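Undergrad: Listed below are the residues making up each chain.
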Amino acid sequence: MQNTCFFCNYKALQVILVLIFTFSPAISNASELNVYSGRKAKLIKPLFDRFHAETGIKVNIVTAKSDALIKRIEAEGESSPADIFITVDAGRIDRAKKMGLLQNIDTTYMNISKNYIDKDKKWVGLSKRIRTIIYSKKNVSNNEITKFEDLGKNNWKGRICVRSSNNIYNQSLVASLIINHGEKKAEKIIKNIVENFAKKPSGNDRAQITAVAKNECDVAIVNHYYYIMMLNSKDEEKRKIAKQVDINFLNQNDRGAHVNISAIGIAKYSKNVANAHKLIIFLLSKESQEWYAKVNNEYPVHENASTTDLLDSWGKIKLDDSVINKLGDLNTNAVKLMDRVGWQ
Amino acid sequence: MVPFIFLASSIFIPFNDNWHHIVENVLLDYFVNSLSLAIGVGFCTFIIGTTTAWLTSVYDFPFRKIISWLLLMPLAMPAYIIAITYVGIIDSTSFLPDIRNLFGAIIMISLVLYPYVYILARGAFLEQSKELHENSQILGASQFQIFLKVSIPMARPAIILGVTLAAMEALADFGTVEFLGVPTFTTGIFRTWFGMNDTVTATQMATLLLSIVFIFVFIEQQSRKKVRYSENIKTQSKLNYRITSKKNNFFIAVICIFPIAFGFIIPFLQLIYWSIFISNESWDSDFFSIVNDTLLLAFLASIIITIISLLITYIKRFSPKSITNKFMQIITLGYAIPGPVVAIAVLIPFAALDNYINQILVVKFNFSLGLIFSGTFFILIFAYCIRFLTVSSRTISSGLESISLATDDAAKSLGASTKNILIKIHFPMLKTSLLTSFLIVFIDVMKELPLTSILRPFNFNTLSVKAFELASDEKIADASNAAIMIVLAGIIPVILITKNILGKRNKV
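Just so you know, the protein sequences line up as chains A and B, in that order. Each number in the numbering used here corresponds to the 1-based position in the first sequence with 25 added. Each number in the numbering used here corresponds to the 1-based position in the second sequence with 535 added.
Honestly, the hints are just simulated from the structure, not real lab data. Since the structure is predicted, the reported quantities are computational estimates derived from the model, not experimental observations. The C-beta atom is built at its ideal place from N, Cα and C for all residues, glycine as well. Incorrect hints may appear among the rest.
[Unchecked claim] Rough simulated footprint, nothing fancy, chain A against chain B, three-plus residues with beta-carbon under 8 Å: (1) 551-562; (2) 618-632; (3) 728-742; (4) 874-883; (5) 895-907.
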């Protein structure tokens, strides 16, 4: 009998625990800001901590895939506690805007180029990432390639590595080609490039760089900061790999290299709009912007923010930034195009 | 039930262009890859799991005790982590074969999922009677024949359960196949959702996947109906270890060490190497608060899920024909649904409920409560239930099935009340299954990624989310601390369960 009673009590205790756990509703609080972030906590939270120290406004954060967060904001509707939404690419923030999940931002005090502000002022860019190629120093000469489109030529057969087309950076890249060339021509270009792949796409951007160092291919399409991460790695092997390749920014004589942004917007049902603006202005300040360059080797969107020595040494890079506003519209087309040409 | 209705209702929305595009271009690939993956993982986990379970149950060899619990350790290793470590190892050498293909994915996933089969098969083997084996020997059967023709068929429900769980988890896997470049149904679902922003088609694909799984499970259950596997006399003495020659001992130990080495030791050492020499992450108080959150969440979730499973299982035992039971059978298919799909399926109905409550509150009292169910731990644990009730309820029900209905009748005829039957007869006999269920759910919740990441409340972080964030940002070395912690935390329940199984043996 004693045994039974113990079991009952134990169960009751659990029920109480669970109740306490679950019924602590997420109510928005005026001196706090709630952020839904597609950007990893590690790459944004230190700035929030500094913001908290400066303003006394505490920043709560949930990180997940941007698409999942979009769904969450949409489902939560008017009850959503979200004040701020952050993504790591232009397409996703634009999608949130199109779904009516964002409200206008007052961009008066924001010192950034108009290409990095939504034309309807529903979002602004936070940092820039360039998607271009790295090449084997051994097998490729410095000016063997200058245009992305040339990767489809016959002399690149079996020499290209790139990750899967599930990756958003590849989708945006193809979307930018559709914008620049129209869908038909873009499909032809991509089809030729896919036929030149050295192997089935797999692994992440670093894996592509490693493959080039191992002579599995001669060029790889990657985001610039992954190359820098490997150059600066604590792992000697990674540094060795990175030293065998070099970076090349393509299309410098025409539209510029493909660029994407991480971006920020204010949620439609935010109850703390004034504080949300404060946070955005803080994230766009010169000091915060320099932090992005320092921590993740991204390019700041702030016009006067300085970057790292390495980024400086690459000089001023011409960027294909006029299309950023439209990447989101063409994402579905890009995905289908890649399905059709067999880019796995 | 609501989330399942939500999923199923997607079928009634007309198929759109994206659906046709997918059917024309990629669906066949997804189907073939997913099927090969499920069958491959099922086959490999069957071979590794039953062999090791048999060897550790029947033979006595050096370090048997420690090996028998080490064999469970790979379970604590998230599949995508093991894939990343092996790619790391292979990339730094030049002679190892590439695993970035379907074959590699099958091996990687099997290496961490075979413990499902091992743990269940071992439990079943240990329950088999010594007499049965001796009789078989008298009839001239070799050890191998006994294994193949007596032990495996008798342990069939448990083995099939383990293999089914492994295959279902492989179907729902995203991280590993994505990293290894194998397009499957699951990657296709995300591609449709994320890439084409088409949740409807994504949900329809998930429903299709679920229907296929349902058909397989249904066929298996029908085939099982024909036979009930319970030995009539429970008082027979249990299996005892045989001593074999020294040469064989060594051979057996080596066979058992293989999966431990590849599924646990090698990747774990690689993680430790990364953690010590390369990681920039520190073991600070922030990190330990994440450890704390993770353990608490996993503990609560596994207790709740085990209790609910117990209820479901009893409904099935006592009123197998009731409608509730039929619904329950469907609910326990959740394991094969990819996490993010479960997340939308619970998020949308609960958020709608929250909004409805708030509307009423605002109209009547001009007051809003915010999100009551969604955005709190409630929805997170609810979603875990959907996903993990499968593992839990099936583990418990396979335990319950081995208690024959005749036992109940005998107890009843001796005047025992139902309550007494449950407490005095079933509970002690079910202890292993309950603990197994608790262990598997605990480890699964700890490893769980997409659900937790999508549904969690503000400022709440788990080891798995942290590890994945760093790993997906291509900072695998920095992810190693969190991954190591997941594995270490997994050791606690593993020791608990092993003690239970071994303890039983010692009583004999």
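Undergrad: Now look at each hint and say whether the structure bears it out.
TA: Hints and how they fare:
| no. | hint | verdict |
| --- | --- | --- |
| 1 | 551-562 | holds (count 5) |
| 2 | 618-632 | holds (count 4) |
| 3 | 728-742 | holds (count 7) |
| 4 | 874-883 | holds (count 5) |
| 5 | 895-907 | holds (count 5) |
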